[in-house]
Structure formats: structure tokens, C-alpha cells
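Spelled out, the chains give:
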Amino acid sequence: MKHLLDTETLPREDILRLLETTEAMLEISQREVKKVPTLRGRTVINLFLEASTRTRVSFEIAAKRLSADAINVGASGSSLSKAETLSDMARNLSAMQADVLVVRDRNAGVPAMLARYLDIPVINAGDGEHEHPTQALLDAFTIRQATGGIEGRIVAIVGDVAHSRVARSNIHALIKLGAEVRIAGPRTMMPVGVEELGVKPCSSMEEAVDGAHAIMMLRIQLERLQGALFASLRE
Amino acid sequence: MTSSAPPEDPNRVRSASSRSAQTGSPLTASAGTASGASSSGSSERASSSGDASGPQAPGSAHRVVLDHAGVCRAATRIAHEIVERNRDIEQVVPVAIAAGGIPVARLIVDGIREIVGRALELGELDVTLYRDDVVGRGKRPVPHRTRMPQSVAGKRVVLIDDVMFTGRTVRAAMDAVIDFGRPEGIQVACLVDRGHRELPIQVDFVGKNIPTQRAERVTVVELEPGILEVRVA
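Protein chains in written order, with numbering that gives the first Met the number 0: chain B, 0 to 234; chain X, 0 to 232.
Some hints here could point you the wrong way.
Think about it this way: if two alpha-carbon atoms lie no more than 25 angstroms apart in a straight line, the pair counts; the simulated PhoX-like pairs of lysine-lysine are [stated by the list, open to error]:
| id | chain 1 | residue 1 | chain 2 | residue 2 |
| --- | --- | --- | --- | --- |
| 1 | B | K34 | X | K154 |
| 2 | B | K33 | B | K63 |
| 3 | B | K34 | B | K1 |
| 4 | X | K154 | B | K33 |
| 5 | B | K63 | B | K1 |
| 6 | B | K34 | B | K63 |
If you want the footprint, here are the derived chain B segments under chain X, 3+ residues with CB under 8 angstroms [said to hold, decoys possible]:
| id | region |
| --- | --- |
| 7 | 35-44 |
| 8 | 203-209 |
By construction, these hints were calculated from the structure, which means they are not laboratory data.
All residues carry an ideal CB built from backbone N, CA and C; glycine is no exception.
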């Protein structure tokens with residue numbers, strides 16, 4: 000496993016290995032010295048071209064707790080605002096001997112494209128409406144911690160499922176791990192064709208959450224909708 | 000559960016072999032076996048079934064160099080030595096190096112309890128993230144959970160492992176312990192010392208010295224919970 004681009008193609012064994020590794024590493028954050036020397040001397044570039052607090056801080060903390068040097072690049076202060084292309088910038092960053100590139104972008108497929116250009120591992124920190132694999136891994140880990148497992152658990156995903164990359168990544172990951180995934184929300188916000196993955200669409204929220212072990216509530220992805228699905232925000 | 004000499008990393012065995020080839024030491028003879036064996040990709044701290052010989056030792060099955068009775072005698076002796084060296088036993092914090100050191104440490108802590116009449120609380124330390132050979136190695140081992148039930152600050156830590164080999168595991172473990180606080184001192188106990196140190200690290204308490212070829216594999220096998228034997232393949 001060189002890159003982490005999506006959960007759709009991530010093998011089940013890799014997901015399980017990541018969850019087990021996380022289990023052991025949880026304890027590090029509870030120590031007085033919250034740091035292990037594993038990635039000493041490595042450089043991680045966090046390229047966040049779309050707004051983010053939690054994910055960006057999480058990646059920076061993760062790099063620092065593993066003793067890597069983390070460099071954060073945002074969209075406004077970067078050369079992208081001088082019309083440098085994304086691929087040129089990424090190649091420049093890679094030429095500076097970065098060891099890992101973490102990318103968030105508002106366009107789907109950007110991390111996968113960069114992974115083709117670059118020799119270093121690329122981690123997708125959210126790309127458009129496509130995927131957000133690290134969030135899904137975290138959610139899977141949380142469900143496992145709270146309910147003791149994922150196999151056979153019922154997870155309801157409620158809200159704007161169609162436009163949510165978190166929902167998409169979660170659906171792929173949770174189905175692979177053997178959970179029953181139900182979705183519910185306004186008709187215009189239900190994705191097409193997820194039944195083939197084994198997801199159960201429900202006609203009401205009550206039906207979706209009945210007997211569920213975990214419920215995910217998704218906000219409306221206003222930044223991606225541009226007003227298409229509502230007459231007004233109040234609706 | 001099978002546990003093996005911790006630093007059996009194939010890459011390191013190979014580089015060590017080429018080093019001895021350069022210096023022309025007697026170890027050169029085993030160098031071919033070492034690199035040939037490591038290409039079969041046997042993993043350290045690997046799986047169950049207790050077959051320590053594996054694919055890397057063609058034609059030579061393992062031999063048991065210490066059976067369970069011998070392991071118990073060694074653990075009891077180590078327990079006596081620890082008590083003798085540390086008259087103030089309440090200052091001692093025993094810490095097992097996961098995963099191989101844990102069953103050995105349990106036997107030693109039992110031994111100490113029989114001598115002093117009280118059980119010391121055992122810590123468990125995973126050193127995977129402190130090793131100098133984890134990054135860049137193909138398959139990452141899944142770390143074991145670290146449990147340090149009491150503070151090490153001002154205490155005397157006794158690190159306990161199954162097999163002492165290159166000394167790199169103990170180096171990593173010392174760094175890990177110090178991240179938890181400043182101990183008054185650190186001592187090292189191991190069930191088996193097989194030699195071939197690559198770092199200037201000494202053992203304070205040894206169960207048994209077993210001279211080995213560098214290419215050989217020494218494993219402590221847990222036949223059933225609490226029942227151990229030491230094999231060389």
C-alpha cells in the first residue's frame with residue numbers, strides 16, 4: 000500500500016491493519032511526552048487547497064507525534080494564486096525531497112492525479128465529492144471502540160448522502176468490514192446505485208435509525224450545491 | 000504464540016553478513032546461508048504453530064536448548080538475582096518488552112513474588128515505533144499495546160526480554176522508557192543471551208548463554224499459556 004487515495008479500492012486487510020495499529024498508538028497521545036521517533040528526519044507536506052480545521056490539524060499533529068517535520072501549505076498563500084499549475088507545484092514540492100504529500104482539494108481526483116505524477120506516497124485528505132478515506136477510517140475506529148466491532152453492526156447515515164465524500168468513504172469501508180449500512184434523507188440527496196454495494200436505502204429517518212448501533216448525521220454540503228436543490232435556504 | 004529473537008530483520012542479517020565478509024571473520028562461512036534464508040521473507044515475531052525451523056534452515060530441524068523446566072529454573076534464578084541486586088525491591092518497576100518478553104517477565108515476576116511476598120506490577124512496552132529499522136522495511140509490523148501502569152520517574156526499571164541478540168531492541172526500549180520519565184536506573188534481564196551484539200549494551204541478568212551462529216534463529220515458544228521452551232534452528 001503506497002498511497003491512500005480512497006476506501007473503495009483499499010483492501011479489507013489493509014483497513015484492519017490500520018485499525019489495529021491505531022489501537023496500539025492511541026496510548027501515545029495519553030503520555031506526558033506525546034511523541035515517538037518513528038518518522039524522525041522525514042518531511043510531510045500538508046497541501047490543503049480547501050478550507051479545513053480538523054483534518055489539517057489532525058494531519059499536522061500526526062506528523063509531529065511521529066517526529067516528522069510537517070509543512071503546511073494553503074491555497075491563498077501559495078503559488079497557485081500566481082497561476083502556477085497544481086502539477087508543477089506538486090513536482091516542485093517533491094523535488095524538495097518531501098517524503099509524504101497530504102492533499103485536500105475541492106476537485107475530485109486531484110490526489111489520484113498527483114499520485115501518478117509523483118514518486119512519493121500521496122494521502123487523500125478529501126477531494127471534492129469523491130472520498131475522504133482518513134475520516135472514514137477514523138469513523139470506523141470510533142465505531143469499533145464504542146461497540147466492540149464492526150461486523151454485523153448497523154450504521155445509519157442520514158442527510159445529504161449523495162454529495163458527501165465522508166459518506167461515500169464510510170459506505171465503502173463499513174460494507175467491507177461487514178456492517179449493515181442504511182441511508183436516509185431528502186430524495187434529491189440520495190445517491191444512485193448504492194444498493195449494488197449492499198447499502199439499504201430507507202424512506203424515513205425513523206426507519207433508518209431503528210435499532211442502529213451508530214448514526215452519522217451529515218450537514219448539507221452548501222459549498223458544493225450552489226443552490227440547485229433548494230428553493231431557498233430556509234426550506 | 001511464537002516469539003523470536005527480536006532483531007531478526009532479514010535486511011540487517013544480510014548487511015551484517017557482508018560486513019563480516021569484508022573483515023574476513025570466521026562468520027563469513029554462514030553469510031551465504033544468512034542472505035539465502037532471509038530472502039524467503041520469514042517474518043520476525045511471527046505467527047503461531049511453534050515451528051521455529053521454517054523454510055530458512057533446509058535439512059536442519061530445530062533443537063530444544065531449554066525446556067520448560069529449564070526456563071523455570073532460569074526465571075527463578077533471575078528473580079533471585081534481581082532481589083539481591085535491588086534490596087529496596089519496591090523501587091523496582093519490571094517492564095516486559097512486547098511481545099516476546101511478556102511470558103518470560105510473568106515467570107520472573109512470579110519468582111520475585113515468591114521471594115519477597117508481594118507482586119510487582121508488570122509494565123508492557125512496545126518498541127516498534129522506536130526501532131531504527133522500521134521505516135523503509137516492506138511490511139510494517141502491527142505494534143503491540145503499551146501499558147505502563149506506574150510512573151518510572153525515580154524508580155529502577157528492569158527491562159525483560161526473551162532473547163538478547165544485537166542489542167538494538169534494548170536500545171529502542173531504553174529510549175521508550177525515558178520518554179515516560181527519568182528513571183533512577185535501567186537494568187536488563189533476558190532469558191537467553193545468544194551473543195552477536197552490534198551495540199555496546201550489556202545484560203544484567205541472564206537466564207542462559209547460548210553460543211550461536213549469526214544466521215541461526217533462536218525462538219522462545221509459548222507451547223501453552225505460561226509453558227515456554229527455547230529452540231534453535
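Evaluation of the provided hints:
1. B:K34 / X:K154: OK: K34 of chain B and K154 of chain X at ~22 angstroms, within 25 angstroms.
2. B:K33 / B:K63: With Cα atoms ~9 angstroms apart, K33 of chain B and K63 of chain B stay inside 25 angstroms; holds.
3. B:K34 / B:K1: 24 angstroms, holds
4. X:K154 / B:K33: 21 angstroms, holds
5. B:K63 / B:K1: It holds: about 21 angstroms lies between the C-alpha atoms, which stays within 25 angstroms.
6. B:K34 / B:K63: Roughly 7 angstroms between the alpha carbons, so the hint for K34 of chain B and K63 of chain B holds.
7. 35-44: Contact hint for the region 35-44 of chain B vs chain X: holds, 5 residues under 8 angstroms.
8. 203-209: Three-residue rule not met by the region 203-209 of chain B, so violated; n is 0.
In this structure, the one hint that does not hold is number 8.
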